[in-house]
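Produce the complete structure using the sequences and hints provided.
2 protein chains.
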Amino acid sequence: MSISLYAASVPVFKQMLLALSDVLRKAEAHALDRKIDPAVLLQSRMFPDMFPLVRQVQIACDFAKSVPARVAGIEVATYEDNEQSFTELQQRISKTVALLNAMTVEQMDGGDGKEIVLRPGTPKEKKLSGQAYVLAYGLPQFFFHVTTAYNLLRHNGVEIGKKDFMGAY
Amino acid sequence: MSISLYAASVPVFKQMLLALSDVLRKAEAHALDRKIDPAVLLQSRMFPDMFPLVRQVQIACDFAKSVPARVAGIEVATYEDNEQSFTELQQRISKTVALLNAMTVEQMDGGDGKEIVLRPGTPKEKKLSGQAYVLAYGLPQFFFHVTTAYNLLRHNGVEIGKKDFMGAY
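Residue numbers (my numbering), protein chains in the order written: chain Z, 3 to 171; chain C, 3 to 171.
None of these hints come from the bench; they were simulated from the model.
Some hints could be false.
Given that identical chains are not distinguished, each listed pair holds provided it fits within a single copy or across any two copies.
Stated by the list, open to error - List time: in silico BS3-like cross-link candidates among lysine-lysine, alpha-carbon distance up to 30 Å:
(1) Lys165 <-> Lys116
(2) Lys165 <-> Lys129
(3) Lys165 <-> Lys128
(4) Lys129 <-> Lys164
(5) Lys116 <-> Lys128
(6) Lys28 <-> Lys16
(7) Lys97 <-> Lys164
(8) Lys128 <-> Lys28
Quantities reported herein were computed from a predicted structural model and do not represent experimental measurements.
This is how it looks when you write it as structure tokens:
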């Protein structure tokens, strides 16, 4: 037996983004409770040259929308990257989950052997099969950013746990 | 076309553990260069009630060894969890990569529909298909711990980047 590239990506992204949405809701409530300016959490970083929370969430959504779309060979939705509040981040997550809900197994069928070119035309250009693109590139990148968003909030004292990170499985 | 549960787990775990090994080597060199007691990094935490680096690496290895073994229905190797140095963590990673190298596609074939029981006999018992166990539980758990290990070191000033996290893909 075997699984589809769809199963290895779309439901995983959706599970983790819905969990991230709940985590962000708890973070927002935490800021409100303690009279912390939400921007303090949204702009918090693990280290000065790392991206702040808002960008971590944006990039997690970017991988979730682009990985399945590129395998399917459909246009990747473009976002303006102008979110500045928890509400706007929730909207970005909702938009992304809606895109994932619209994807079908059939659209991604046959994507395994498709060639995906990363950073085309640059010295770092890299060609990957659809399978390698999802498993060896897309999943690690996506998980990096959802985990870093969680860690940033945990580090800032928001009361969340592994259960919140995992979501519904 | 479709992919195997083996492809969705074993090579992914191996890629990320080899990358983690390099990240830990850089962390050890960083400590040596700056005359930092290695234990400071090994015992560092993102928040007082989170696990320290040494435990994050141990747990990442635990998921990498147990997820494929449980799907294959073979015995899960037991580790003593007594690592206290970078050298010992490297040994744990090497042992785990050797176990992954010994796994075959055939061993995990047919695991998709197999029922895996998490936390058996407890109020939190949960039954998952082999496919859900790998994709919705095993991968998120594994990535959580490798990313947190990376973030802990990044937060402590070790000069590593996303490229180090990703490894060879």
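Going through the hints against the structure:
In this assembly of identical chains, lysine 165 and lysine 116 lie within 30 Å of each other by CA distance solely across copies; the values are 24 Å between and 36 Å within a copy. In this assembly of identical chains, the alpha carbons of lysine 165 and lysine 129 lie at most 30 Å apart only when taken from different copies (16 Å versus 36 Å within one copy). Taking CA atoms no more than 30 Å apart as the test, lysine 165 paired with lysine 128 passes between copies only; the shortest distance there is 14 Å, against 36 Å inside one copy. Proximity of lysine 129 and lysine 164 under a CA criterion of 30 Å is satisfied inter-copy only: 19 Å between copies versus 35 Å inside one chain copy.
For the identical chains of this complex, lysine 116 and lysine 128 are intra-copy neighbours only, at 14 Å inside a copy versus 36 Å across copies, given an alpha-carbon limit of 30 Å. When the C-alpha separation of lysine 28 and lysine 16 is checked against a cutoff of 30 Å, the pair qualifies only within one copy, where the shortest distance is 19 Å, while the shortest distance between copies is 34 Å. In this assembly of identical chains, lysine 97 and lysine 164 lie within 30 Å of each other by CA distance both inside one copy and across copies; the values are 25 Å within and 26 Å between. For the homomeric pair lysine 128 and lysine 28, the shortest alpha-carbon distance between copies (25 Å) is at most 30 Å, but the shortest distance inside one copy (39 Å) is not.
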